[in-house]
Amino acid sequence: MTPTPPDHRVLIGMEVHLQLRTASKMFCGCPVRFGAPPNTLVCPVCLGLPGSLPVPNRDAIVLALSLATAFGCDLAERTKFDRKHYFYPDLTKGYQISQYDLPLAKGGAIEIVTEGGEAKRIRLRRLHIEEDVGKSLHDDASGLSRLDFNRAGTPLVEIVSEPEIASPEEARAYLNALRAVVQYLDVSDGNMQEGNLRCEPNVNLHIDRGGRTIKTPIIEVKNLNSVRNVERAMQQEIERHLELWRTLGDRVADLPRGTRGFDDVRDTTFELREKEEAHDYRYFPEPDIPPITFGATWRAEAGARVPELPDARRRRFSTAYGLTAYDADLLCRERATADRFEAVVAAGAPPKPAANWLLAGGADIARLSPARLAEFVNLVEQGRVARQAAARDLLPRMAESDSPAAELIAELGLAQVEDASLLREAARRAIAAEPQAARDVRDGKQKALGALMGHVMRQTGGKASPQAVRSVLLDLLKEP
Amino acid sequence: MTALHELGAAALAAKVRAREVTALEVAEAHLERAQRLNAHLNAFLHLDAEAVRREARLLDRRLAGGDEAGPLAGVPVAIKDNISVAGSPTTCASRILAPYVAPYDADVVERLRAAGAIPFGKTNLDEFAMGSSTENSAFGPTRNPHDLAHTPGGSSGGSAAAVASGLVPLAIGSDTGGSIRQPAAFCGIVGLKPTYGLVSRYGLVAFASSLDQIGPFARNVEDAQLLLSVLAGHDARDATSSPRGFAATGGEAPTSLSGLRIGVPEECFAEGLAPEVRAAVGAAIASLSRLGAEIIDVKLPLTRLGIPVYYIVAPSEASSNLARYDGVRYGLRGAGEGVHGLFAATRGEGFGREVKRRILLGTFALSSGYYEAYYGRAQRVRAAMRNEVDEVFRCVDLLASPTTPTVAFRLGEKSEDPLAMYLNDVLTVHANLCGVPAISLPCGRSTHGLPIGLHLTGPRFGEASLLRAARAYEGASGEGHRWPPEPTS
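So the protein lines, in turn, are chains Y and P. When you read off a place in the first sequence, starting at 1, and then add 10, the result is the number in the working numbering. When you read off a place in the second sequence, starting at 1, and then add 475, the result is the number in the working numbering.
It is possible that some hints are incorrect.
Computed cross-link-like contacts, DSSO-like style, restricted to lysine-lysine with a CA-CA straight-line distance of at most 30 Å [said to hold, decoys possible]: (1) Y:Lys-362 with Y:Lys-130; (2) Y:Lys-90 with P:Lys-831; (3) Y:Lys-130 with Y:Lys-94; (4) Y:Lys-116 with Y:Lys-90; (5) Y:Lys-232 with Y:Lys-362; (6) P:Lys-831 with Y:Lys-94.
Source of the hints: derived by calculation from the structure; they are not laboratory data.
Starting from the given sequences, assemble the full structure and let the hints guide the process.
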C-alpha cells in the first residue's frame, strides 16, 4: 500500500474511446468487422482517395446519442464535424474527422460505488463522435511497417470525464460502470483487449502544504489494454508523483505535463518520446458535411434505445424480488444475465432460488430455456428431487431432452424417497448400526445426527429429502 | 456537308440516335482532330484512343441491340483531369499524382456514361485547379486556340480550349472561383457554374470543398443546358448534394425576355475594366433590354471583399484537402529519412510553387491563434455577402456583368505576379462564395480578335431562368462561338 504523506488528493480524468458496433463505417458503407484479412474492408472513402467524400452514418449518431442520453448528458441542439489535422501514415486524409467546439453532448455523469461503499457521480465533460484510424504494424525483423486500413473510418465515441476520479480503485469502478452501460445499450463490445474500448487516463496530485496546494504535473498514460492495468498504472503514477515530491519538494509543480506508457511486465510507467513541438491540429469545420440539427425525432429515436440502466435495475431487483444487494449486483452486471433472470421469474420460478441457480452457473443451466429453468427450480423447491442429485443428474438430462422434467426424474430414478415406512425402516437400521451416535443424540449432542443421516442417505442412494430424514430420525430417537 | 467535329452535342446525339452515323465514326472524327491539334494546344493530358473506340463500339452494339439511346448518345465529352474516371490517370496536373490511376468513376462520369456519352480524354488544368491560366500545370501550359501566344484562362483551360477548337463538342470542368467561366470567356464558348449542391462532387478531387462545383462547357447555350441536365441530380455519396435536380427545357430559343428583371451591379464595372470589355458587355446589356428585360442598377458593396475572403477560404480548405498527399498510399513517393522525411520529400518534390504558396497561406490562416482573425472572419463576411445577394435577388431575377476585367492575357504575362493573377478572379469568385449559379457566354471580341464574356448570375437553383436569358441573348445578338484559325506547324 502507498505510504500516505500528509494531505494529498488524487485527481484522475478519463478519456475513453469506444468503437460503436454499427453495420458500416462512420462515413462510408464498408462493413465494421474485427479480424478480416488486411485491407479487405476498404473503399475510396475510407482510404481517403482523391475525390472521395464522407457521408455520416445515421445509425452511429443514434447510438452515440443514446449513450449520451444514458449518461444524462445535455444533447446538442446543433452539432457539426470538424477536421483535426496531423500527419501520420495510418491517417488516410492527413486529418481525422472529429468534433471540436460543438460536440454531440456535454455534461452528464457516470455513477460509481467508492471503496467505502458510497455512490459517487463522476461528471462528464463531453461526448463526441470521430472516426478511427488505420493500424500500423511494425515488423522489427525487416524494419518495415505495414498498414491495415480495415479499421480506418470505424465510428468512435470519445467520452471525456472531469478529473474527479480520486483513486485507482475508483478508476476501475468508473470503467466498469461505463462498460456496463455500454453493454446495456448494446452499442459496443467494449472489449479492451480487442481495442474497441481504449482509455487514456490523466493523473496528478494536489498536495496540501501549510495552506498552499502544490500540483504535480498532469500525466497522460497510454497503452493500457485492461481495466486492471489502468488501476496498476494509476497506482504506479501516484507512487511516482509522491516520490517526485519527496525529491523536489514544491518545485515539483514546475515540471511539464507529459505522456507516459505502461509496461505491464515490469509494472511501471515510462516516458514516451515527446514531440518536439506542440501540436497545432488546425481544427476547422468539415466543409463536406453540413451541420446537423437534432430535432424531436432524433431525440425520441435515441431515447427509445435506452433501456433500464444497471443502477436502476439493481435497486429494483432488491426491492421487487427481495434479493440481497450482492446478488442483485451480480445479476445486473451483464444485461443478458439480468434479462434471463427476469425471464425465469416470469416463467414462474421463485426469485431467490432462481437467482441462486443462475449465479451458480454452469453449461447445463445456460442451455435451458427460461421456461425449462423455471420448471427445474420449482421441482427442486417442491422437494420432488434432491438438490445435489438435481444438479448432478437432472440438469444435464434436461439440457439434452425435451421431455417434462417430472418424467426425467422418474426415468433417472431420482424421485425423492417420500415413503414414510421406507424412511422409518432405513432410520431404524441406521440407529441399530450406529448405537453410539444414537446415544449421543439422545444426550443432546445434535452434531451426532450427521452420522445417522449419512447412513440413511447411503441406504436411499441420496434420493431422500434431508429434512424428511432428519425429522424421522428425531421422531424415532424420542421413543424410549 | 458539315464536318462531324463542327456539330454541336444535341445535333450529334440526334444523328447517332437516328443511326445516321455511328458513335465510332463520331469518335474517330474527334480523335483525328484531337491527335492532330493537341500538339499545338496541349489541351489533353491523357487521351487513350483505344479506350475511346472501345466505349464507342460498345455503345454502337448496344444501340444495334435495341437499347434506348441516351440524351448524349455517342457524344464525346472531355473531362478535366481532376475528375475521377475509373482506370484512367487522374493527375490534377500535379507531379504528386502523376503515377495515380483512379479506381472509380466520379458521379458525373457515371451519369455521362448512363446518358450515352463517350468519356474522351483528360484535360489540362492549373495544378489542383489553382490558377487562372493553366500555366500552373506540371505538364506544360495549354494555349488559347484563338491566339497560341495567349492563355486559355484557367484553371479548366484544357477543357475550354478543347471545346473551342472542336476537339470535342462538350467538356466538363470544375469552378472554385471562376475556373469554368473565366476560360469559357477567354476561349469564346459557354461555361456554367451550377448552384452549389446541384451537381455531385463525388469523384472531383477537392480544392476548396465549400466552393467547388462541376459544370459544363459547350459551344452554345442549348448544349450547355443539355450537358447540365445530365450532370445534375442528387447523389447520396455527397452530403452537400441537393435533392433538387435540373430538367432541361429544350425547344426554340426564347425571343422575348419581357418581365425579366436584370440587375447591373455597379461594383462590377469599376476601374481596371478594359474599355473593350466594358463596351461589349454594355452592348450585351442593351441587347437584353431590347429583348424586353428590365435593366436595373443595383449595388453589391461587399463584392469588393470577394478576393480577400476567397483567398482566405480557398487556401485554408486547400491546405486541409491536400494533406492526404503524403506518398504513403498512392501517387509520388519521395525518398526521405523516416516517416517525416518521406512526407517532406514527397510533398517537396510533388507540389508546384503555386500549390505550395496556397498550402502555406491556408496553413497559416488555420493556425491556432489566427483562426478567428482569418478563417472565422472570412466566413462571417461570406455569410454577409450571401445575405446581400439574396436581398438583391428579391428585386431582380438575374445579374449581368463582365466575366473578366480583360481578354485573355499572354502566356507568362502574370505568372511572376501572383497578386495580378488572383485579381483576374475579381468578378467570378462572388458566385462561388455565395453558392449561386453563373454562366459566361460570348458577347464580342477585342480588336485583337480575342473573345469577351458576358456573365449572368442567378439566385440559388435559378439555372432555368439563367439559361433562358442566355439562350435569348445568344439567339438575338448573333454573338457566339467562332472557329479559331487552324494552327499550322
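Each hint, compared with the structure:
{"no.": "1", "hint": "Y:Lys-362 with Y:Lys-130", "verdict": "holds, 29 Å"}
{"no.": "2", "hint": "Y:Lys-90 with P:Lys-831", "verdict": "holds, 29 Å"}
{"no.": "3", "hint": "Y:Lys-130 with Y:Lys-94", "verdict": "violated, 34 Å"}
{"no.": "4", "hint": "Y:Lys-116 with Y:Lys-90", "verdict": "holds, 14 Å"}
{"no.": "5", "hint": "Y:Lys-232 with Y:Lys-362", "verdict": "violated, 43 Å"}
{"no.": "6", "hint": "P:Lys-831 with Y:Lys-94", "verdict": "holds, 20 Å"}
Of the hints listed earlier, those the structure fails to meet are numbers 3 and 5, in rising order.
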